[in-house]
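J.: So the sequences go chain by chain: L and V. Those letters in the first sequence? Residues 167 to 373, per our numbering, in order. Those letters in the second sequence? Residues 167 to 373, per our numbering, in order.
There may be inaccurate statements among the hints.
No copy is singled out in the list; a pair is fine if it fits within one copy or between any two copies.
The calculated lysine-lysine pairs, modelled on BS3-like cross-linking and capped at a C-alpha distance of 25 Å, are [stated by the list, open to error]:
hint, residue 1, residue 2
1, Lys-221, Lys-192
2, Lys-295, Lys-198
3, Lys-295, Lys-192
4, Lys-291, Lys-221
5, Lys-295, Lys-221
6, Lys-221, Lys-198
By construction, these hints were calculated from the structure, which means they are not laboratory data. Predicted model only: the values in this text are computed from it and were never measured.
There are 2 protein chains.
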Amino acid sequence: MARKPAEQSVNRLDILLAAANVFRRKGYHGAKMSDIAAEVDLTAGSLYHHFPDGKQQILIEVLNEGLDQITAEVQAVVDDNTLMPDEKLRKVIYTNILGLTQNTSVAAALVFETRTILENPEARKAYLKRRDSFEQLYTQVIQEGIDAGIFRQVDVPIFTKTILGAHNWVGVWYREGGRLTGEQIADEMSNTFLAALSPIGVPTAKN
Amino acid sequence: MARKPAEQSVNRLDILLAAANVFRRKGYHGAKMSDIAAEVDLTAGSLYHHFPDGKQQILIEVLNEGLDQITAEVQAVVDDNTLMPDEKLRKVIYTNILGLTQNTSVAAALVFETRTILENPEARKAYLKRRDSFEQLYTQVIQEGIDAGIFRQVDVPIFTKTILGAHNWVGVWYREGGRLTGEQIADEMSNTFLAALSPIGVPTAKN
DNA sequence: GGTATAATTAAATCACGATTTGATTATTTT
DNA sequence: AAAATAATCAAATCGTGATTTAATTATACC
């Protein structure tokens with residue numbers, strides 16, 4: 167039954183990537199089906215052969231695939247029990263940022279287009295669940311470090327959102343061929359957050 | 167000539183605020199002129215009396231006003247020469263975050279809708295200039311601290327974007343009436359970045 | 001080679017939403 | 001209370017863009 171797909175025809179993944187590119191340039195609502203189609207040398211109507219449920223479904227799959235992939239990469243680090251909390255967090259941040267710089271279109275979609283998917287009641291719940299799981303990876307690692315006395319006592323949810331906000335933004339401003347490589351940026355940012363968690367030298371709030 | 171505006175009629179600022187609210191809920195492209203109008207008890211057509219140039223002009227003014235206001239608040243702190251670099255940065259961060267939590271609709275627009283304005287060639291240049299000036303406020307304060315030997319030697323542009331990314335994200339997730347007040351969040355986050363700049367306890371990169 | 005299925009297209013359809021237009025009502029000025 | 005101007009509305013207009021449809025071409029399977 168399941169016949170081998172033809173070699174030259176486009177597949178779902180091609181289309182998702184193309185869509186992510188167009189979304190980055192114009193945003194979801196600004197992206198015409200014909201724009202996405204053109205990106206893979208098709209006509210607008212042809213997309214409905216691959217995605218019968220249309221434009222919104224394409225967005226949903228871009229975000230789900232994108233989030234799942236980055237989650238898997240980070241999860242692998244979290245599951246590595248040979249790492250101390252500080253090394254682990256450093257590697258988590260590094261992995262996360264490198265992932266974003268390697269696929270900026272999807273990274274940007276995860277920042278800018280999530281809101282759109284959240285308006286869809288069915289997709290909403292599933293997506294929020296995924297996103298919470300992802301966020302959990304960070305809270306978990308940070309909490310472990312605090313419990314182990316390696317990190318100072320921060321407000322874990324806020325610190326997590328601080329990291330994630332900084333990360334998200336990388337997907338927006340990073341451009342290949344810029345002053346720094348993805349690796350250098352990932353290094354610098356993991357240094358920053360590790361320093362922020364260092365238990366010594368905590369400044370006292372003056373406000 | 168300039169007659170006093172009628173007491174009950176809506177003014178431009180009402181409309182800009184209303185638009186920001188709708189933009190937050192639906193995004194610029196998802197926001198109908200009738201949605202914005204309804205928010206101030208008008209019909210879609212009436213908006214053209216106040217904004218002859220239409221929807222995009224409304225967005226442009228929302229972003230310009232919003233950015234100008236937050237810039238002014240931060241600038242005032244930067245100009246205070248009685249502050250040491252670390253106190254100054256703390257206060258800058260605090261002020262910035264508090265500003266965002268106090269007007270989340272505009273804050274969200276500054277994150278999500280900037281891309282739209284950048285597609286408009288005329289508005290683009292002016293807006294980028296404003297945004298650069300704003301970013302400069304941070305790079306300047308951070309650099310001063312490094313030069314004074316109070317901060318460790320970070321990559322200033324990256325550190326700035328790290329801070330700004332974290333800030334931007336506050337405007338997205340913060341909700342009034344949540345676990346923490348805007349002040350508490352501002353405190354926590356300024357602690358984080360001040361700690362990150364602390365010259366002692368710098369962890370060595372292991373990647 | 002013939003048949004079933006997949007991939008694609010060109011040309012409708014169809015709704016929606018920004019903007020325009022031509023009144024109508026309110027307010028201010030004198 | 002006119003006259004002028006501002007604010008508003010209801011009802012067109014008008015283009016655009018997602019989706020549908022019916023046909024055409026390509027590929028896989030036997």
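J.: If a hint holds in the structure, say so; if it does not, say that too.
T.: Going through the hints against the structure:
{"no.": "1", "hint": "Lys-221 / Lys-192", "verdict": "both (14 Å within a copy, 17 Å between copies)"}
{"no.": "2", "hint": "Lys-295 / Lys-198", "verdict": "neither (29 Å within a copy, 30 Å between copies)"}
{"no.": "3", "hint": "Lys-295 / Lys-192", "verdict": "between (27 Å within a copy, 21 Å between copies)"}
{"no.": "4", "hint": "Lys-291 / Lys-221", "verdict": "within (19 Å within a copy, 32 Å between copies)"}
{"no.": "5", "hint": "Lys-295 / Lys-221", "verdict": "within (22 Å within a copy, 35 Å between copies)"}
{"no.": "6", "hint": "Lys-221 / Lys-198", "verdict": "both (9 Å within a copy, 20 Å between copies)"}
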